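With chain H's structure known, arrange chain V on it following the hints.
Residue numbers (the working numbering), protein chains in the order written: chain H, 72 to 315; chain V, 116 to 388.
No lab work stands behind these hints, which were simulated from the structure alone. Don't take every hint at face value.
[As the list claims (entries may be wrong)] Below 27 Å or equal to it, Euclidean Cα-Cα: the simulated BS3-like pairs (lysine-lysine) are:
# : chain 1 : residue 1 : chain 2 : residue 2
1 : H       : Lys218    : V       : Lys229
2 : V       : Lys223    : H       : Lys193
3 : V       : Lys229    : H       : Lys193
[Stated by the list, open to error] Which chain H residues face chain V? A few, computed with CB under 7 Å, are given here:
# : residue
4 : Val148
5 : Leu149
6 : Glu167
7 : Leu184
8 : Gly187
9 : Gly301
The model shown is predicted, which means the values in this text are computed figures rather than measured ones. Beta carbons are placed, not taken as given, at the ideal position from N, Cα and C, and that holds for glycine.
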Amino acid sequence: MAAPVISVDGVGIQFQRDRQRKRTLKDMLGRKELRQAPDEFWAFRDVSFDVHAGESIGVVGRNGQGKSTLLKMVAEVLIPDEGSVTVRQGVAPLIEITGGFVDDLSVHDNVYLAAGLHGKSKDEIDDEFAEIIEFAEIKDFVHTPYKHLSSGMKVRVAFSVVSRLDEPILLVDEVLAVGDRGFRRKCYARIEEMLAEGRTMFFVSHSDGDLKRFCNRGLYLDKGRMQYDGPIDEAFERYTTDYA
Amino acid sequence: MTAAVSAPRALAPAKRTTYWSRYRQALWLLTTRDLKVRYTTSRLGYLWSIIDPLLMGLIYWVVFGFIFHRGGVSEDPYILFLLSAVLPWTWLNGNLSDATRAFRQEAKLIRSVKIPRSIWILRQIASKGIEFLISLSIIVFFALITLKAPSPWTLVYLPVAIALQVLLTVGCNFIIAPLSVFYRDLERVVKLGLPVLFYAAPVLYHLDIGNPVLHFLYGLNPVAGLLDLYRGCFFPQIVDWVYVVEGTIVSLVIFTIGAVVFRRSIPRVLKEL
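This is chain V alone, in the form it adopts within the complex:
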């Protein structure tokens, strides 16, 4: 055993930061890194997180509001009705499609630094989530124009909806991210599946389904309950609590499955990268 013959600089006493403080630090660094990259590489920077959903919202507003006259499947003002679902959808959509690259994109870093693996999922959700929060300013703008403000009571739905969305997205991405390391096809499947989900979920419309069986089945899509909650801020009368409960249960189930899949597949993911 070699003892240090001369010690020019004493080793700093091993500082034991806790697991969670390091976890938070790494998550924060990677989240801000994403935003910083987006900001420094484009002229409009953060404005893009507003332009994208705003444009989509306006397109749907024109197409379905004026061309199709939306036969009684929505509320007024339609633009608020639309945006209150389009914005969370943009967040969800972005995260589910990004998840297919969660590991491959960061392969070099994952191979060289020990960082808790779930951060690669959470950092995507966090950085897109911040953009979502920024994009909420569009809703504020249109609420001012249309003079429809949420009551302080129903505004409570917003944080609940965000929490539910994080739960659902983390669960889905825990499955999508590791599997897409092994199956490249998954990237295409997700790309095709997302538009299907978009039209199947109540983004552009809101249905009152009479048939109890169909009603139950429709609610199994967790996005239905989720969007109802978001919309509840402005339109509390349309929140279907059956959907919300079903959506929460389904999200919890997906999260549990996701956690197991993620845990089990990590050793293989690391080998594959």
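Isolated chain H (complex conformation):
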């Protein structure tokens, strides 16, 4: 079997309980071992799993069990305090997708900016620009400043850009709950299309339906540990028995 595309090995991360606590320079810059302060807690520890190409994984668990945190580590926008995360292929993160967009620039400029920051060359964007605009159904507003779009339209443009990235790994965090019904259906269709193309997906959602629809493997996070890793239905079963 080919090497896994994502390897998560013994990962843990801690956060501060009390944000107001005074932080000294020493404890920021000191070595990791010395940094454990009394009011820090582990969001989770010792999480390990491998993801192979083409798998689609859903993360199940209650609020605050670190589902999104785990996803952000796979996106490498958050660095674990222990263990390691290795991602061997390019990633298209559908996390806070409107993050890279600038209010004062036009939709056109924003598409080039956001796609470029995700690693697309100008020529590639030129080729796909029409497609992106069409998918977002925003043809009449290409030269409108981004800030004048409605919030639904903003998300549509952003989704359209990120979902056009040709990266083999797709990370999805709750973004499907946005847009109107028609657009949501389009998003679902697009994600299914991408899965059919053989992409790997890592999915965080509170919607049981979405998870069961898209994922074949489930990770269940609870009480700061990974409690289960296996078929998605079984993961849900565990979750439901624990919190009926």
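Just chain V now, kept in the frame of chain H:
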């Protein structure tokens, strides 16, 4: 494991662009984004990068040239002497005060896209640096009026000075930017510190310090050597090479410390955003 049952569109073969080409691309995109925003949101656009230092230069010229008669601590023509330090100072000043917002301003983007973290520092320096280069046209203008041209030999100081300034600013901002995520007070400290640094550095004057100890101590301020180099383009006789050497060493030290601080604090910065 699910194999793709039907593949409507074959996945593009994983294109492996190199780390540095992506780094350059992202840096360029973010730098031009800053300039584009400034250009589209204001009528005068790029002119502002000239107006600001020009106005400051003229004010100092009037106040210190005509009102205080600058008792022998400068060179003629005074306006060139002033501008050759005021312009780089404007760049330095802008970058050091912007650094306190380097991460917070971009929090959403940093949380969602993996971009090498040092870009958030470098892009500020790059976009302000481009404005600095534009503002150099003021100096050209006044050099033409006052008929004082730098010799081709001393013009070499300019790229060296720019390189030294980038080194110094990157080093400082590697420290200021992550720390100001944790300590909001730092923004105020920097705001207060910059005017102090302005008057302590030889922007409005140039001193010949006789006492060797004081001379050495004064040179520990890296801005002294830096401004001497810039001025050397027009006034090669005033370059104090002791200051330049001290400034370079201090800048290297700051850069090294900065690199360590930056590296170590990044995981915490990411959590805090």
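Status of each hint after checking the structure:
1. Lys218/H / Lys229/V: 24 Å, holds
2. Lys223/V / Lys193/H: 23 Å, holds
3. Lys229/V / Lys193/H: 19 Å, holds
4. Val148: 6 Å, holds
5. Leu149: Leu149/H check passes; min Cβ-Cβ to chain V is 5 Å, inside 7 Å.
6. Glu167: Interface hint status for Glu167/H: holds (4 Å vs cutoff 7 Å).
7. Leu184: Interface hint status for Leu184/H: holds (6 Å vs cutoff 7 Å).
8. Gly187: Status holds, d = 5 Å.
9. Gly301: With Cβ-Cβ at 13 Å, over 7 Å, it is violated.
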